Every structure is written in structure tokens, then in C-alpha cells.
Amino acid sequence: SQELEQSPQSLIVQEGKNLTINCTSSKTLYGLYWYKQKYGEGLIFLMMLQKGGEEKSHEKITAKLDEKKQQSSLHITASQPSHAGIYLCGADSRGNEKLTFGTGTRLTIIP
Amino acid sequence: EPEVTQTPSHQVTQMGQEVILRCVPISNHLYFYWYRQILGQKVEFLVSFYNNEISEKSEIFDDQFSVERPDGSNFTLKIRSTKLEDSAMYFCASRAGTGGRKLFFGSGTQLSVL
Numbered sequence: 001s002q003e004l005e006q007s008p009q010s011l012i013v014q015e016g017k018n019l020t021i022n023c024t025s026s027k028t029l030y031g032l033y034w035y036k037q038k039y040g041e042g043l044i045f046l047m048m049l050q051k052g053g054e055e056k057s058h059e060k061i062t063a064k065l066d067e068k069k070q071q072s073s074l075h076i077t078a079s080q081p082s083h084a085g086i087y088l089c090g091a092d093s094r095g096n097e098k099l100t101f102g103t104g105t106r107l108t109i110i111p
Numbered sequence: 001e002p003e004v005t006q007t008p009s010h011q012v013t014q015m016g017q018e019v020i021l022r023c024v025p026i027s028n029h030l031y032f033y034w035y036r037q038i039l040g041q042k043v044e045f046l047v048s049f050y051n052n053e054i055s056e057k058s059e060i061f062d063d064q065f066s067v068e069r070p071d072g073s074n075f076t077l078k079i080r081s082t083k084l085e086d087s088a089m090y091f092c093a094s095r096a097g098t099g100g101r102k103l104f105f106g107s108g109t110q111l112s113v114l
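Protein sequences appear in the order of chains A and B.
Per this note's numbering, the very first residue in the first sequence carries number 1; after that it's consecutive.
Per this note's numbering, the very first residue in the second sequence carries number 1; after that it's consecutive.
Think of the hints as simulated: they come from the structure by calculation, not from any bench.
The structure displayed is predicted, hence computed values, not measured ones.
One or more of the hints may lead you astray.
Claimed, not checked - Stretches of chain B that chain A covers, calculated by requiring three or more beta carbons in the stretch to come under 8 Å of a beta carbon on chain A:
(1) 39-50
(2) 53-60
(3) 97-103
Cβ atoms here follow ideal geometry from the backbone N, Cα and C, with glycine treated the same way.
Make the full structure from the sequences, and use the hints.
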């Protein structure tokens, strides 16, 4: 079965600083999805990456899927308090309906 | 913006009791899911539902669990005889027929089994 490992597990960053979260898969990624979860709430979709080398941006968040399609990174530029939360990567595999989620990265932004 | 709605937000039950968790997916979506998250652990897939039948289920989804879409709008998860280890946040999700596995999640039902 597919396993997704995220690093770091937690991150404390001063407001305004940049940061990167990584997601490494045990198998080739066919679709990689980034979600954000606030404590006690549901998962909010951020971005979907499907092609090796693909890069997408939304506001100050950029996600990349590496060429070999086994790793993705999420980069936040000039972090803000609103970026705080738990970031999850999810992956699908061919022939399966489910998304498998990573271990999560808890992001704290210090004013 | 359309959203997935789950009720109740919190459910407390005694071990051995039946519970039904309810979800209203986004209206034009075709695929429906239940996930759960035990405190401090990963979000885990339970079941997917398409065309009025289960399309995939995990090892967690045993005979104690069932899903139903009774009226074309609601999507329910039933646990027949709850166990302490069923305590978790349960998330419903749905997606359209295209666009990969871009799931839209509800806010969850926190189930506590005493």
C-alpha cells in the first residue's frame, strides 16, 4: 500500500518568513493533493498536481511535483497568521478511488 | 459556494449502541466518501460510494459499518454496534465526475463512544 511521509512534522515560523513542507511517497504519484486542516475542522482543498514537474500557485502558496513523481513540496512565501494549520498531502493510485493521506505538518505562525 | 454538510457535529453514545452519521454532499457530485481521523492520527479512508453502491472499502469498514444514500441527497454512515475504538472524527466528502480525486470535505462529526 502507498505510504506518504511528510516533513517536518511541525514547524514554527515567524510571520513574514518563507517555509517549505515536503511530502514523499513510497510509490509513484499519479495525483497529489494538498489540503489544509484547521483544528477540529474539515479538510480544505488547496491544490492538485498530476504531471511530473508540474507547479501550481495560489496566492502565496506554491506546490510542485518532482519529475520522478515521488515527492511534492509546498512552499509558502511571506507567511501570515492565516496560514497556520495542519497541511496534509494526499495521493491517489491508479484503479483506486481512495486518497491516502500523509502524516500531516502542523504549522504555527508567530507574530 | 457549495459545501458538504454533516450532522451532528458531535455525537456521544454508549458502547454497543447504533449511530447514524449524516451528510449532505454537494448537489451535482457523483462520488461520495467517508473518512475518519482518530485523535493524533492520520486521516483514514473508510469507503467510497458511486452509482448507489460501494466502489471501494478499507479493512476498517467491516460488517459493523454500512452506508446508504436513501433519498438522492443524504449520504449516511451507520455503525451498528459501536466500540470504544470507533471514537474519532468522521468526515464525509464528495467529488464531481471529473477533475481527479479533488474531494470536498465536510466539517466532520466527532463521535465519542463511552
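Structure-based check of all given hints:
1. Taking a C-beta to C-beta cut-off of 8 Å, the segment 39-50 of chain B contributes 6 residues in contact with chain A, enough for the three needed, and the coverage statement holds.
2. A stretch counts as covered by a chain when three or more of its residues have a beta carbon under 8 Å from one of that chain; for the segment 53-60 of chain B and chain A the count is 3, and the coverage holds.
3. With a cut-off of 8 Å between beta carbons, the segment 97-103 of chain B has 5 residues touching chain A; three or more are needed, and the interface restraint holds.
The structure shown violates none of the earlier numbered hints.
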